[in-house]
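Here are the chains, one letter per residue:
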Amino acid sequence: MAEAGRLNVPTAPLILTEPVTVVRVAIIVFILVLWEAIAQSGLLYRDVVPSLLAIGAAIVKLLSTSDYYWHLWVTTGEVGTGLAVGGVSGLVVGLVLGANRMLSKSFEPYLYYLGPTPKIIFFPVMIMWFGVGGGSKVAMGAISCFFPIALSTAAGMRQIDRVLIRVGQSFRANAWQMATKIYLPAMRHPIINGVRLGLGVAIIGTLLAETKLSNRGVGFLIIQAYSLFDMPRMYAMLIVLFVVAIGANALVGRLGGLSTIRQR
Amino acid sequence: MTVAAITRSRVFPLALGLGSLALAILAVEVLIRMGAINRFIVPLPSQIAMAFERVIVEEDIAPRFQLTFFEAFTAGAMITVVGVSLGLLLFRINVLRQATETWVAAMASAPTVLMYPLFLVVFGRSAWTIIMMGFVAGLPPVILKTIEGLSATRRVLINVGKSFKLTGTQLFIKILFPAALPTIFVGVRLGLIFTLINVVGVEFLINFGGLGQLINDLAERYDLPGTYAAIFFVILVSVCFFVLTEWIERWLRPVD
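From first to last, the protein sequence lines stand for chains D and X.
When we follow numbering that gives the first Met the number 0, the leftmost residue of the first sequence carries the number 0, and every step to the right adds one.
When we follow numbering that gives the first Met the number 0, the leftmost residue of the second sequence carries the number 0, and every step to the right adds one.
Hints may be right or wrong, so weigh each one.
[Said to hold, decoys possible] Label pairs and their in silico Cβ distance ranges: (1) X/I40 with D/R187: 57 to 67 Å; (2) D/R157 with X/V155: 39 to 49 Å; (3) D/T64 with X/Q46: 47 to 57 Å; (4) D/S63 with X/E100: 30 to 40 Å; (5) X/R91 with D/E17: 17 to 27 Å; (6) X/S8 with D/Y111: 14 to 24 Å; (7) D/N173 with X/R91: 54 to 64 Å.
Hints were generated in silico from the structure; no laboratory data involved.
Values in this document were obtained by computation on a predicted structure and should not be read as measured data.
Every residue, glycine too, gets a C-beta built ideally from N, C-alpha and C.
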């Protein structure tokens, strides 16, 4: 019986033979082959599309130089500070607007309409206010992430179960206790989503500011590679940057326990 | 008037918002005149108000607006045509959809605007760099919302179409597309917003084109009132664009 049982155990399907995986692999291979063919053909201006080997070598070279990590650290510091400033102010504004219907009706439309405007246009003003150094980049990051976090928090606040609020009030919780014991735990999901959105736009805002006017940071390195027409290095930096940005976004979701919230 | 009545009122919150804004502007004006805020860093709001006329008359605002509109419109038309077509393709071929939908979603959240130096190399410092940046940024939401809209078509509508023995093309034209149109438009609207953000942003960054370049030009000339006026003008254009697309979206889906 035991033998028969063992024989009946279904064998795990070979993942590689699943149609979706086959299609994915086929698309990746097609793109890589097409890329290499264009690189070798000379159809485009030399080095606009460098060979995959050159890009791979540039990635290895980039990741093995300490200079890159220093610039990455500068950008990380600017994005982190911008996210902290914009995030905390966005959270406070979101809590205030979410808690008061009249304030929400009065001021939220301004946030709602200012949110989708291109924030980079404020960069000249930020330079005037905070100088050409890191301050203006931090400010760009803060402005960028303020709007999604504030709007997400305000929306999350309005979705809190009224029962939870009444429970807090019946225990005569003060404003601070209501915020820390009821509002913030109940709004975990929208706040994390807001922070994820905010992180994405803070990275974009900070890096765009670095490409425009800076002598440090990853944005500066990208525009420097463009100026020197060092295309493999530019591709390498963009690839590494995309991986870092997507990884940071996933990390925020994981640290905030987004997956466990979804499972409930 | 009770607090509840004030909260329900439509006029009072609007007045409070506008009044607070006016008060803040007045406070800045007073603080600058008192010397509490450096007027070489923040210009007087009254100077900014007067600079509007100068910016509109002397800085060729109409041709700049036309250029930005042309770039955004071209990119918008491209995202609509390509996005809806790709969405339809992925809806029709399920295995392709399963294989690539997460990639499209990842692309939507990726910082694609940072690829602008790459586009500069490929397309040169021209309107096409700006259009293509707008296109790349605005494409993913259109694809995702097209798939969502087509997938959400009620089964009963499709069955009605089949009972009338409609062909695949007829089913798409008469049933699927009209049913999915409101959701597709949500995607087009989101895509247009991303497109406009990128078009103005890249204009500013590469100092080429319409309204984005205007801000850069004025800032480089240290024309602070003009810079602030141009920024307000761009915000106004964005808000008008946003309100217009929102209005069309409501018109397309009157009942949620």
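Verification of the supplied hints:
no. : hint                           : verdict
1   : X/I40 with D/R187: 57 to 67 Å  : violated (40 Å)
2   : D/R157 with X/V155: 39 to 49 Å : violated (34 Å)
3   : D/T64 with X/Q46: 47 to 57 Å   : holds (48 Å)
4   : D/S63 with X/E100: 30 to 40 Å  : holds (36 Å)
5   : X/R91 with D/E17: 17 to 27 Å   : holds (20 Å)
6   : X/S8 with D/Y111: 14 to 24 Å   : holds (20 Å)
7   : D/N173 with X/R91: 54 to 64 Å  : holds (58 Å)
Comparing the model with each numbered hint stated earlier shows that hints 1, 2 do not hold.
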